[in-house]
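Participant: So you can see what is in the structure, the chains are spelled out below.
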Amino acid sequence: MPSPETILITAFWSVATIAIYLLSKRTYRRWPAIWSSPMVLTPVLLAALALSLHTTYSEYIGATRWLMVILGPVTVAFAIPIYEQRAMIRRYWPVLIFGIVVGSGTAILTAWALASLLSIDGTLRLSLLPRSISTPFAMSISENIGGVPDLTALFVVLTGVLGATLGENLLRVLPLKSSLARGALFGMGAHGVGVAKANQIGAEEGSVAGLVMVLVGLVNVLAAPLLAYILR
Amino acid sequence: MTKRKTAILLHKSLRGSRLAQVALIVLLWLAGEAVSRSTGIPVPGSVLGLFGLLYLLLTGTIHLSTMRRGAYFLLADMLLFFIPAVLAVLDHSEFLGLVGLKVLAVIVAGTLVVMCVTALAVDVGYRLMLRLENRHAVS
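Just so you know, the sequences run in chain order Z and X.
Anchor point for the first sequence: position 129 equals 129 in the numbering used here, and the numbering is continuous, going up by one each time.
Anchor point for the second sequence: position 65 equals 65 in the numbering used here, and the numbering is continuous, going up by one each time.
Please keep in mind that the hints were generated in silico from the structure rather than gathered at the bench.
Treat the hints with care, as some may be off.
Claimed, not checked - Label pairs and their calculated CB-CB ranges:
1. Z:F12 x X:L104: 27 to 35 Å
2. X:P42 x Z:Q200: 45 to 53 Å
3. X:R127 x Z:R65: 41 to 49 Å
4. X:H11 x Z:L231: 42 to 50 Å
5. Z:P175 x X:A20: 28 to 36 Å
As the list claims (entries may be wrong) - One-sided and incomplete, this derived list gives chain Z residues near chain X with beta-carbon spacing under 10 Å:
6. Y21
7. W31
8. T42
9. P43
10. T75
11. F78
12. G99
13. G105
14. M139
15. L162
16. P175
17. L185
18. L231
Glycine included, every Cβ here is placed at the ideal spot set by N, Cα and C.
So that you can see chain Z by itself, here it is in the shape it has in the complex:
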């Protein structure tokens, strides 16, 4: 039986997290910008609150771990967008698979090479490897290959926010002919935030980005045991 104090702390941080998230969403609708996106604003506000109350991460995550359990059902729900895009998968599957395999390979290799170059090693380097993959999948892969899933979630969020901005500028430079390529750029490089950005560019780009994001997650989760074997 948990102590009344534990119950109180759990209730406080759960309510605070949900309330700040909803507030951030509303702020973003009012003033849409990168700094006000819920992905940036929510963790910044929560961190400020935790610091001012001298709450440690282990206390905080102990109280809000139940929210992350919901990532399980969220992963199952990804079956719906995959099913809805089945016509596109049937039409373009060779190109999509090619892009996903090349992109995922590049993501893992560049993270490994750049980290080694800057003398980042150990669990930190391992936690950086799955950063181009949508969060629920990335955290499970991180655990599989010996990284820290929580750190990976942090890197995934950073990748999404930075990637969406970088991708928009890249589009002006790269000679891309197809909406398939423009969508894949965002889905592979910046997952969730990238999909939102791709939707602003065009409906076709948006649905390609969403599909690529989900397939990247799936392909990598299925390949993770192999990667874990190679790394060991």
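Keeping the supplied structure of chain Z fixed, place chain X upon it in accordance with the hints.
Facilitator: Leaving out everything else, chain X in the frame of chain Z:
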């Protein structure tokens, strides 16, 4: 009540209620976890649940409209469910210094390369595919 009638009733009650749809998704997730644990295959239970739901949709056992609202209800607020992990930064004050800059450099440079390579690969693949299809159409 016949089996068919039960099935129709189930679909009707599912279609109307977002909560029932979410409950069914949770059930598929739990089933996936159970299978993953009992068989020891190295695929997360949630991914097995995803394939389970995909199978049910593709075989027509479940219609898209009976699951769509519940699924998008979960997906729309996905961010909320992993925000707690992002606060892991509280435990890593070293990220405020050189290590943080290094990590940032890895992410920015890595993401630029990933985006260029992926987009160019897909563009080349797409053009190749169209050319192959045209050749088939001509011959």
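Participant: Just pull the numbers of the violated hints for me, sorted ascending.
Facilitator: Failing hints, ascending: 2, 5, 7, 18.
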